[in-house]
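Residue numbers (my numbering), protein chains in the order written: chain A, 41 to 370; chain Z, 6 to 574; chain F, 382 to 478.
By construction, these hints were calculated from the structure, which means they are not laboratory data.
Mixed in with the good hints, there may be bad ones.
[Claimed, not checked] Now the stretches of chain Z that chain F is said to cover, found in silico as 3 or more residues with beta-carbon under 8 angstroms:
| no. | segment |
| --- | --- |
| 1 | 206-212 |
| 2 | 236-247 |
| 3 | 264-271 |
| 4 | 291-302 |
| 5 | 322-336 |
Virtual Cβ for every residue (Gly too), placed ideally from N, Cα, C.
Okay, here's what each chain looks like letter by letter:
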Amino acid sequence: MSCVEGEPCVEGRKRRRAVLALGLMAVIFLALSAVSFLDSRGQSVPNTVTYAGHEAVAGKRVFQAYNCMGCHTLVGNGAYFAPDLTGLYDKVGPAWLEAFLPSAGAWPTGAAVRVQLADSDVAAESGVATLDEYLAKYPAAAERIERRSSHASTMPNLPLTRSDVRALIAWLKYTSSMNTEGWPPVPRVDGIAVRRASLAAAASLPASAGIAASGSAASGSAASADAVPSEEARGESLARDFGCVACHAADARRLVGPGWGGLYGSSVPLADGSTVQADEAYLVESIRTPDAQVVAGFTPGSMVSYAEILDPEQIAAIVAYIRSLGENTR
Amino acid sequence: MIRIEYATQRLSLRFFMLMLVLFFFQTGFGLLLAAQHVDPALLAGVLNFNVIRAEHTNLAVLWILSGFIGTILFVGPLLSKRELAAPALIKFLFYALIAIVLWNVATQVLAQTGVAGWWHGEPLLQEGLEYLEAGRIADVVILIGFAILCYVVLRSFPPLSKWNEIHWGLGIGVVALTLVWIFGMFFVERLDLQEYFRWYVVHYWVEGVWEVIHISLVGFLLVLMFRADIKSVGYAVFWGISLVWLSGLIGNAHHYFWIGTPEFWQFWGSLFSALEPLPLIFCFWHIYLDAHQDGKPIRNMPAFAFLLGSVVLEQVGAGILGFTMTFALTNVWSHGTWVTLSHAHLALFGTFGMLGIAAAYYAVPIMRGVTGFDQRHGKLAFWLVFTSMLGLGFAFAIGGTVQVFTYRTLGLDWFGGDVAPAMQFAKLMAPLFGTLFTVGVCLLAYDLLTLGLTKPAPSARRAQETAAMAARAPSRWGRRLTGWEAGLWLLGLWVAGAVITLGLLSFNLPFVQQGHAALPYLMASIGYPGLFIVTLLFVWRFLSSLEARTHVDAGLPLATAAVAPSASG
Amino acid sequence: MAAAGPQGGLRLTGEGMNARRIIRLSIAILASGVSLALSWPYWRDFGFWPESRGMWIGYFVVGYVLAVYVFYAFLDSLGTLFEHDELERGADREDAP
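Please work from the sequences and hints to get the whole structure.
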């Protein structure tokens with residue numbers, strides 16, 4: 041068909057030429073692939089990266105097991121429901137991730153990040169000792185605390201264990217160290233300032249009445265909160281500010297640590313086999329020196345000491361809050 | 006053909022039915038995703054976004070495969086001129102497919118609690134890699150399923166010396182389908198290496214193997230529908246497949262821009278994926294020429310409408326939208342945003358999904374022995390899914406453009422507070438068009454499931470209809486579509502594509518990077534609606550020109566016989 | 382795209398064949414040039430290996446030649462597709478009474 045009578049048929053030759061070109065392309069593709077993963081290129085590899093004793097490869101397994109790629113992207117691949125995670129570790133630093141990951145449903149506060157810095161491993165990985173230094177070193181963490189810390193995030197709480205969290209951070213430390221050849225592009229402008237300017241411009245239009253109304257509603261609720269709060273209410277806000285709720289649920293569920301619901305007054309089995317009454321003294325002791333009496337089934341060192349972070353009055357308020365969550369119903 | 010010629014062709018019916026059921030559920034999951042984009046709290050903790058998305062993408066792959074298998078089984082005996090080998094194995098394949106679908110739907114939910122079923126370093130239950138979420142157990146069963154398909158196809162085909170190009174295309178297609186799948190069956194520690202091999206499966210499947218199967222099947226369906234000459238179709242199939250591989254082999258490099266692989270891939274990937282639309286343009290002209298070969302009326306309009314939809318959306322979704330974002334210069338912006346969703350939905354559903362539906366519309370009436378059927382449901386369903394899929398593509402593209410500016414140019418990475426609110430308009434459009442699409446899918450599934458079962462074909466009414474149509478003089482819109490006019494429509498599509506490409510390129514301009522979105526927004530709001538409206542009008546025009554053909558021999562049943570294969574050799 | 386439309390007769394003299402080949406080759410060279418321009422890594426440092434400019438020039442040359450070939454093969458086969466159409470149309474007309 042492709043050959044016309046009376047002319048020499050060249051179709052066979054054309055087809056052989058196409059197959060030949062294809063073969064040449066395959067050779068080029070394989071040769072380029074072979075040199076893409078040479079050590080001499082200096083690309084970061086996961087089996088050399090650790091974070092606080094956890095290996096990046098272990099973090100990859102956690103990352104895949106929770107299908108993180110089903111909402112986030114990594115090197116831009118995945119879903120587009122949540123931010124890209126490739127360079128996140130370098131931007132926000134390990135302490136912010138330590139504070140965020142155990143209870144991802146809410147954005148961490150500055151106090152919660154400071155609590156994490158009290159852990160010597162985290163401080164060593166961060167390379168700083170105090171929150172101020174941390175926020176100066178990781179401006180993206182400062183921005184998140186400033187803008188988001190009173191908001192709920194859209195990420196669900198995941199039942200990550202402490203070693204899951206650290207392995208994940210090790211994995212993100214590895215991805216941050218990768219050379220992704222110029223992606224994502226670096227913004228040339230302060231986006232928040234641009235956004236604020238455009239919002240201000242929009243606010244001068246009558247269409248923005250809704251925003252103004254919601255603003256006044258917010259200030260109204262703030263005013264009512266000024267009325268003298270009960271001790272339990274103060275404890276609740278402290279528990280949130282200092283990131284306690286990242287690991288302790290308000291009901292009996294186990295997140296990273298034991299749930300607080302019905303905890304007060306119950307008898308708690310300890311790791312050494314003995315049992316203790318979860319009274320006020322025990323709860324205060326557990327907040328100040330968590331490793332003194334570890335509950336059966338939990339590993340020592342999971343929680344930092346709050347002795348230097350909270351004063352006795354604050355601890356008392358938190359215990360009052362725990363008590364308000366139900367007594368001895370277990 | 007009015008009756009099937011070989012008994013084993015009937016085995017395809019169950020795969021078509023399964024395809025429709027899976028399609029329905031896949032659409033349902035998609036609608037849920039759109040709703041969660043609007044309200045992220047919806048079902049949070051019960052059925053998280055990542056689980057629903059895994060179900061949505063995996064079911065998409067599985068129903069498309071089910072449609073492919075159905076089509077291959079239906080045309081296999083015609084191509085071989087004998088019964089299919091091992092019908093018992095095909096029945097087993099069907100039940101295995103159902104089992105693996107149920108298994109995979111169930112195991113994906115485990116991602117919520119982080120259970121992957123690690124065993125000797127391999128995730129047995131689910132592995133949380135985009136498109137390859139299935140765990141190793143499912144992977145192995147799927148591999149066995151592919152092997153069965155290969156065995157059936159290759160054993161049924163005539164001896165190698167008698168193969169024409171369609172045999173070669175399908176033969177290579179099913180074997181490569183199986184081989185490429187193996188690259189996704191290993192846990193890889195390095196992220197760059199894992200992504201490198203993940204795209205072997207995803208890219209070489211979609212842009213290599215599936216495309217090869219698609220070209221072969223479209224070619225053969227054209228042979229069946231229009232009794233086109235098998236040798237010239239064979240020629241088109243050979244060059245279609247060759248161009249797919251000549252551009253797509255190195256074209257895979259467009260996935261290797263930013264995954265940690267070296268910079269030279271940016272050059273190779275950009276250059277060769279610029280060539281990737283060529284086989285699609287080739288295929289476009291192929292279907293145009295064959296459809297206009299004879300002036301005879303189309304007897305099965307829904308089947309042809311979906312076949313045309315497949316080739317046109319391949320051109321628009323894979324060809325044009327793929328082209329706009331395939332250069333490192335544009336991809337650096339579009340990568341990892343909703344812009345890519347627009348391309349993915351139109352290309353995957355359009356090209357491969359619509360082919361399966363077209364084949365079902367062609368094959369189901371024949372297998373059920375229906376001589377004439379009410380085609381209005383099918384035509385309405387086509388317009389519903391076609392229009393709403395273009396609408397979805399529009400929503401994704403506009404949302405993606407806003408996302409690129411907010412997320413990449415301004416560097417705002419708070420999705421809940423900055424990015425999602427900016428995209429709100431597009432996020433609301435998605436469930437809107439999604440609902441319309443779902444209505445179309447329900448109509449489509451209902452029509453095909455019950456076709457020829459519920460009522461005897463109202464042949465009297467059909468005769469009336471055709472008489473009425475024959476009496477109506479073709480309007481200007483329904484006049485014959487000449488090659489020049491088709492070329493102009495194609496040019497129109499590509500002009501819109503060029504506007505979109507320039508819009509994405511404009512993100513590189515310094516003043517856009519200073520926070521001025523007007524230019525890229527303007528280009529996107531001209532380019533995308535332009536592209537989709539021209540697409541819509543073109544398909545309308547194409548189908549009208551075929552509808553208006555005088556029904557001189559309307560008394561005859563559906564396409565008379567699959568005599569064409571006998572012309573091979 | 383339709384440059385090689387159905388107008389071209391089938392029985393071409395050697396001269397007509399050559400003219401067509403030159404047109405197709407020119408289109409292929411031009412289109413590949415545009416593709417190359419869009420693929421050129423302007424903003425990058427020609428990295429890996431940065432010390433080897435020669436390698437990059439090799440990429441550009443080989444890539445360009447292959448692109449010209451693919452474009453040419455595309456135009457050539459598309460032209461034949463239209464020729465087939467002409468032939469079959471002619472055959473249909475002969476078949477018709």
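(message) Under the constraints set out in the numbered hints, which ones does this structure not fulfil?
(response) Going through the list in order, the structure violates hint 1 alone and respects the others.
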